[in-house]
Amino acid sequence: MSEGRKSYSESLEEVKKDVLEMASLTEKGICSSVEALENYDEELVQHIYNVEDESNKLNLEVEKECMRLVALQQPVAKDLRFIATMMKISDNFERICDLAEKIGKIAQKKGKKDPLKPLVDTNRMIDIICEMLEIVKEAIEQEDTSDLRGLSDLDDKVDDLFSQIYNELIVFMVKDPKDVDEATDLVFVARYLERSADLVAKIASRLVYMVEGERVQIK
Amino acid sequence: MEFETNSKDKERKKLEEIDPVVEAKNISVWYGEEKALENIGLKVPKNNVTAIIGPSGCGKSTFLRCINRMNDLIEGAKVEGKIVYKDKNLYDPDIDVASLRRKIGMVFQKPNPFPKSVYENIAYGPKIGGMNDKEELDEIVEESLKDAALWDEVKNRLHSPAMDLSGGQQQRLCIARALAVEPDVLLMDEPASALDPIAMSKIEDLIYDLKQDYTVIIVTHNMQQAARVSDYTAFLFMGKLIEHSPTEKLFENPDKKKTEDYITGRFG
Ligand SMILES: Nc1ncnc2c1ncn2[C@@H]1O[C@H](COP(=O)(O)OP(=O)(O)OP(=O)(O)O)[C@@H](O)[C@H]1O
Ligand SMILES: [Mg+2]
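Respectively, the protein sequence lines represent chains A and B. Read in order, the letters of the first sequence correspond to residues 1 to 219 in our numbering. Read in order, the letters of the second sequence correspond to residues 1001 to 1268 in our numbering.
Do not rely on the hints blindly, as some may be mistaken.
When the alpha-carbon atoms are kept at most 25 Å apart in a straight line, the in silico SDA-like pairs for lysine to any residue are as follows [to be verified]:
hint	chain 1	residue 1	chain 2	residue 2
1	B	K1258	A	K112
2	A	K137	A	P177
3	B	K1257	A	V216
4	B	K1249	A	E143
5	B	K1256	A	L116
6	B	K1258	A	Q73
No lab work stands behind these hints: they were computed from the structure.
For reference, chain A alone in the conformation it holds in the complex (with noise of 0.2 Å):
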């Protein structure tokens, strides 16, 4: 292997390294953003707001990285599927730190007061968000796809979930019309969680095609 070839091996590590590390910012952003709503605490809410302007910054580094490759490397095959999935896993783990920002910008309107109800559902949707990250995180680390295709039955866990939370706000919306801002805040909630599941569910599919070559659809 040439020296060239040698430091572009070394380059793949790194971008791989760097989305790790993106997906370790999502999981910070999105599960903190949650805790801020039932325990409001200005700190946590600056803390989200930095992970979404790390997770900006990185996601910009991984993109420069990845066309940096493609121009000097013109990476084929294996190489090539991981350097176009790195590149949109990358995005969508940026996304998902956007819908943490605007969980947290809802906290901070919310405040200290107590919220509407207990966020007994808001917060399994979190578990399971945060289970499914952490299979996408091995899935990448060890370029293994096998426990992927289970992430469909926990997005449609979330997304129940999300009905579930829906039908219930609007219970509270119907029976006090003071409480529909509030309410409409907590649907917009845990409609922003299903859209994380889908996101990183649409992660996992790429991750299928960057190991396997097949474009799957998991959702």
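Fit chain B with the ligands to the given chain A structure using the hints.
What follows is chain B with the ligands alone, placed relative to chain A:
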């Protein structure tokens, strides 16, 4: 602006569905005791570009030479198996090798124009084939040079020595020379390896255009070149055909680990 979408590229036929113009069946080649090719079976689709890739010494040139029986000229070379072209085995005893080599022409790595004028280089083949009419010859020369994308550059110096042309021009002249005898199939052994990127891209554009009328088989060490110009790619390794697939498939998601290792540069 209009987008031209090449629908053929999008739905490239699977090799099994192809009606080949040339088909190698169980081709093995020995140089003395050394076996250089082992049981190669390969279908070459008509009006397509087929690239042959593989490490140095894997048998690419040997295979190309089988197709128009150039190995006959190498002492000690022995070919077994069949090359089927127009329902005939080219190794049948009744084959006229000279006219075969006109139907299946060859362009080499190093441009090798004859030490004659540009015009004479092109007219040579048709003249040998019995063409004497000056006007018709003029026409063939012009057409061939146009097909080889060289006409504009040499139309005012047709009677100057071919050796005075640049390397890239000489290579296109050799392609024009091969085209002048109206071949069906053009074999090219690393035709652009000695050229700068501009000359190379001219040859590549030319190869792309040629497939309207010809079938091209090109040996290249340049993986990106194979990816750019070819419709199908065959990967040879140590005298064996490892994989033969539509080019985008081979470069995006090859079937064989060996192919993957080779094209990603992770060999050895
Ligand atoms: N004229 C010859 N006499 C003896 N052995 C030969 C001859 N031509 C080729 N060989 C041997 O046959 C094998 C295949 O050679 P060939 O030239 O076909 O490889 P290639 O794939 O074209 O390599 P390269 O990429 O270096 O051009 C090699 O081991 C080579 O040494
Ligand atoms: Mg060769």
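So, going through the hints one by one against the coordinates:
no.	hint	result
1	K1258/B with K112/A	61 Å, violated
2	K137/A with P177/A	43 Å, violated
3	K1257/B with V216/A	22 Å, holds
4	K1249/B with E143/A	21 Å, holds
5	K1256/B with L116/A	59 Å, violated
6	K1258/B with Q73/A	19 Å, holds
In terms of the numbered hints stated before, the structure departs from hints 1, 2, 5, listed from lowest to highest.
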